[in-house]
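All chains should be built: construct the whole structure from the sequences, respecting the hints.
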Amino acid sequence: AKGKEVRAWTIKKGTRAIDAAGKVHSDFKERFICAEVIWWEKLIEAGSLALAKQEGLVQTVGRDYILKDGDIIEFKI
3 AKGKEVRAWT
13 IKKGTRAIDA
23 AGKVHSDFKE
33 RFICAEVIWW
43 EKLIEAGSLA
53 LAKQEGLVQT
63 VGRDYILKDG
73 DIIEFKI
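Numbered per our numbering, the sequence shown finishes at 79, counting up by one with no gaps.
Hints may be right or wrong, so weigh each one.
[Unchecked claim] Computed spacing ranges between beta-carbons, pair by pair:
1) 62 x 7: 29 to 35 Å
2) 14 x 47: 24 to 30 Å
3) 52 x 32: 15 to 21 Å
[What the hints assert, rightly or not] Below, computed lysine-lysine pairings styled on PhoX-like, alpha-carbon distance capped at 25 Å:
4) 6 x 25
5) 78 x 25
6) 70 x 44
7) 70 x 55
8) 31 x 14
9) 6 x 31
10) 15 x 78
11) 44 x 14
12) 44 x 55
13) 15 x 25
14) 55 x 6
15) 78 x 55
16) 15 x 44
17) 14 x 70
18) 70 x 31
19) 78 x 31
20) 15 x 70
21) 31 x 15
22) 25 x 14
23) 6 x 44
24) 70 x 25
25) 78 x 14
26) 78 x 44
27) 78 x 6
No lab work stands behind these hints, which were simulated from the structure alone. Even for Gly, the Cβ is constructed at its ideal location relative to N, Cα and C.
Written out as structure tokens, the structure is:
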């Protein structure tokens, strides 16, 4: 993808990472490898995603991870 893009999708409480990926795009669900998750306040405190990763604040999760309110997620496909 060209440039930076940020979007938000609404999901139901108790949604698994794999199902949230499918809400974004069906290809994301089919090609899901893992997801990187950080709580929004931790991201703000860190100042950037790169710094959050350096500080170990980003968690790598699998398809059955149950998303929590406030999670920011990057899908790896």
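Now for the hints, and whether the structure bears them out:
no.	hint	result
1	62 x 7: 29 to 35 Å	violated (22 Å)
2	14 x 47: 24 to 30 Å	holds (28 Å)
3	52 x 32: 15 to 21 Å	violated (28 Å)
4	6 x 25	holds (20 Å)
5	78 x 25	holds (15 Å)
6	70 x 44	holds (14 Å)
7	70 x 55	holds (19 Å)
8	31 x 14	holds (16 Å)
9	6 x 31	holds (22 Å)
10	15 x 78	holds (22 Å)
11	44 x 14	holds (22 Å)
12	44 x 55	holds (11 Å)
13	15 x 25	holds (14 Å)
14	55 x 6	holds (18 Å)
15	78 x 55	holds (15 Å)
16	15 x 44	holds (21 Å)
17	14 x 70	holds (10 Å)
18	70 x 31	holds (19 Å)
19	78 x 31	holds (10 Å)
20	15 x 70	holds (7 Å)
21	31 x 15	holds (18 Å)
22	25 x 14	holds (11 Å)
23	6 x 44	holds (20 Å)
24	70 x 25	holds (16 Å)
25	78 x 14	holds (21 Å)
26	78 x 44	holds (20 Å)
27	78 x 6	holds (16 Å)
In this structure, the hints that do not hold are numbers 1, 3, in rising order.
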